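**Q** Got chain A sorted already, so can you dock chain B onto it with the hints?
Residue strings, one per chain:
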Amino acid sequence: MAETGAGQDSRGQALAARLRRNRWLLAAAFVAVIAVYSFDGASIYVLLPALALLAAAAMVPADAERRSTDTGAAIEASGLQRLSGEYLAAAVADPLIIFDHSAAMVHANAAAFAAFGGLAPGMSLALKFRAPEMQALLDGILSGEVAADVVDYTEKLPVERTYRVSASTVGHATGLYVLVFKDQSETRRIDRMRADFIANASHELRTPLASIAGFIETLRGPARNDPAARDQFLQIMQNQTGRMARLIDDLLSLSRLEMKPYLRPGTAVDLRQTIDSVIDSLGPLASENGIIIERDFIDGPVSVPGDRDELFQVFENLLENACKYGQSGGRVTVSIARVEDGQDPGIDVTIRDYGPGIAEEHIPRITERFYRVDVENSRTQKGTGLGLSIVKHILSRHNARLSIKSEVGKGAAFTVHLPAR
Amino acid sequence: MQSVHTVSAYDEELKFLSKRIAAMGGHAERMVEQAVAALVNVDHGLAQKVIQDDIVLDEGQREIDDKAIIIIARRQPMATDLREIVGAIRISADIERVGDLGKNVAKRVASVDGRQPNSLFRGIEALANLALTQLKEVLDVYASRSVERIGFVRDRDDQIDAMYTSLFRELLTYMMEDPRNITPCTHLLFCAKNIERIGDHATNIAETIYYIVTGDQMPAERPKGDKTDKVVLPGTVPAK
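These protein sequences, in sequence, are chains A and B.
According to the working numbering, the stretch in the first sequence is residues 1 to 421, in order.
According to the working numbering, the stretch in the second sequence is residues 1001 to 1240, in order.
The following block holds chain A by itself, in its conformation from the complex (with noise of 0.2 Å):
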């Protein structure tokens, strides 16, 4: 519940609002005694309770004030007695959220509401972590039968991540109970990693490394005394290399993404700058396959957070695709358009090339590794299968989506929405 959430603020104003009413009280009674002795000869009856009521307000104080010594004189000697809890909580790198008896949120650090979205104070926990090993923390918290527990919980989704929560009670008797996160995700990731890279690799390496085997086989026997033979086998030798060399390249910087799938909020970037210099270092490849790359931005200054690095890559890796599988339609138009409405605005950056378009049954599964719509038409163009798979990755590191719009015959739209936030 909100209001109980926003009840549990510190307890230093709650003992000052009760200081300031017992004030009141105490004046009553002053003014009490001093009726009672101005009437003078007024029964002692009348005096005793106007006595007993002085006693009991300036009991309950007293009251309040050896409690918040109890507590607080381990600490006072050092001065953290003043630390606001708020303080301490922004101070702790990893997420961080404190909660009430009943679950509901009361607090979290920055680092939480970072990692975790849709967090908001008075919300139940319980309805957030839902996964069950959490619902086990929680109820064996709340219920005390432990004062202080660690479980590990993985969030699958958007990106995996694994995190240690250890989650214990605050203080004595205060009501409140924290849980800290602490990321585990890159070392998990990292053994996941060499496992899916030999799987993926060791498949698309094998390819071109037997092409090379055969044609050195040929080489020493057949083609021993052919030059002409030899000069034709070396080049194609020399482009299975270099296949093999992208390849590596581009698992490489995959592999670089999946390590660290989540981004901290980066600086700004210039978007129209960052594609403008996309747009020249393709410019050669462009030519060569007689583009015309068309620009449609609007005015003013377009910057988002994120990381120049990589948008340049995701922009290179969409242009660059335009300009080899969308050949045949003569010109590509990169576009930016600023979104105000709907609930997610930013800036939709729009590739589109007339090309031979993709079919329906293609477009939901081409950000898969290794998944190609037509093999041989993405060997002769150096493809590596990883392109798309590098650009989702980047994107769901940068909260953007990526949309395909495409329609056989008259060329593919690929959109990027970056959230403005």
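Simulated from the structure, these hints should not be mistaken for laboratory data.
Honestly, I wouldn't trust all of these hints.
What the hints assert, rightly or not - Here are the simulated SDA-like cross-link-like pairs (lysine to any residue), alpha carbons at most 25 Å apart as the crow flies:
| no. | chain 1 | residue 1 | chain 2 | residue 2 |
| --- | --- | --- | --- | --- |
| 1 | B | Lys1067 | B | Phe1016 |
| 2 | A | Lys382 | A | Lys410 |
| 3 | A | Lys156 | B | Met1078 |
| 4 | A | Lys410 | A | Asp348 |
| 5 | B | Lys1193 | A | Arg365 |
| 6 | A | Lys156 | B | Val1040 |
| 7 | A | Lys392 | B | Thr1080 |
| 8 | B | Lys1019 | B | Thr1080 |
Said to hold, decoys possible - Partial chain A-side listing against chain B, Cβ under 7 Å, derived:
| no. | residue |
| --- | --- |
| 9 | Leu127 |
| 10 | Arg130 |
| 11 | Pro132 |
| 12 | Gln135 |
| 13 | Lys156 |
| 14 | Leu157 |
| 15 | Pro301 |
| 16 | Ala359 |
| 17 | Glu361 |
| 18 | Pro364 |
Claimed, not checked - Derived CB-CB ranges, DEER-like:
| no. | chain 1 | residue 1 | chain 2 | residue 2 | range |
| --- | --- | --- | --- | --- | --- |
| 19 | B | Met1176 | A | Gly122 | 55 to 61 Å |
| 20 | B | His1044 | A | Arg194 | 48 to 54 Å |
| 21 | A | Asp139 | B | Ser1146 | 21 to 27 Å |
| 22 | B | Ile1070 | A | Lys405 | 50 to 56 Å |
| 23 | A | Ser166 | B | Asn1118 | 37 to 43 Å |
| 24 | A | Glu376 | B | Ile1055 | 48 to 54 Å |
| 25 | A | Asp139 | B | His1044 | 27 to 33 Å |
| 26 | A | Ile404 | B | Gly1215 | 35 to 41 Å |
| 27 | B | Asn1118 | A | Ala148 | 43 to 49 Å |
What you are looking at is a predicted structure, and each value in this text was computed from that prediction instead of being measured.
The beta-carbon is built from N, C-alpha and C at its ideal position, and this holds for glycine as well.
**A** Just chain B now, with coordinates in the frame of chain A:
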């Protein structure tokens, strides 16, 4: 968030319902995750665990039904409270179905030997990720009650349908290539269908949440994007 009632036990009862729903939801998410992992890695042990876990959801649904009926009888709820309680009954039924579908995927692990092409399993995994993201987001909305964020559910539904159609086509191709593929591929087809249904249940839950919070029905749905009813492969349909 619900408003505060004079009888605080009433609040406690309503809170119990939503907490129980969240626990069921978490359990269902875990089951589907594990069922798909068991399928992709052909892990029979994990599949058995998923099958046994389903009983937790059945119990959860029964408990929510009982509690909800008792609350209605005892408190005679009105307006938001009544919607909250009826909504809980409906959502728990949807979650229970999600669990059943996960369990069914797990049951089929025994019939799939894992020799099918990798791209199929990757496709099913991607489909499951879409469905699970949808389920997670919907349950997050249940926690935060921010129904304005509920529009995404339908976008995701379109993606799920497109992915399912693509997988359907691919599976048919493998079956045509080699009749020995028919048994495992049919099982995979049902797995894909089950996962697609999970997405539909998530959409149902989203509609219920919208109703609980606003009191209105969600605006009418657009036409379905599942096009598998029209997928045929060349040469398999007799010429008319």
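**Q** A separate judgement is required for each hint: does it hold in the structure or not?
**A** How the hints compare with the structure:
no.	hint	result
1	B/Lys1067 with B/Phe1016	9 Å, holds
2	A/Lys382 with A/Lys410	23 Å, holds
3	A/Lys156 with B/Met1078	38 Å, violated
4	A/Lys410 with A/Asp348	21 Å, holds
5	B/Lys1193 with A/Arg365	17 Å, holds
6	A/Lys156 with B/Val1040	16 Å, holds
7	A/Lys392 with B/Thr1080	41 Å, violated
8	B/Lys1019 with B/Thr1080	17 Å, holds
9	Leu127	3 Å, holds
10	Arg130	3 Å, holds
11	Pro132	6 Å, holds
12	Gln135	5 Å, holds
13	Lys156	6 Å, holds
14	Leu157	5 Å, holds
15	Pro301	29 Å, violated
16	Ala359	9 Å, violated
17	Glu361	4 Å, holds
18	Pro364	4 Å, holds
19	B/Met1176 with A/Gly122: 55 to 61 Å	57 Å, holds
20	B/His1044 with A/Arg194: 48 to 54 Å	25 Å, violated
21	A/Asp139 with B/Ser1146: 21 to 27 Å	26 Å, holds
22	B/Ile1070 with A/Lys405: 50 to 56 Å	52 Å, holds
23	A/Ser166 with B/Asn1118: 37 to 43 Å	39 Å, holds
24	A/Glu376 with B/Ile1055: 48 to 54 Å	51 Å, holds
25	A/Asp139 with B/His1044: 27 to 33 Å	31 Å, holds
26	A/Ile404 with B/Gly1215: 35 to 41 Å	38 Å, holds
27	B/Asn1118 with A/Ala148: 43 to 49 Å	44 Å, holds
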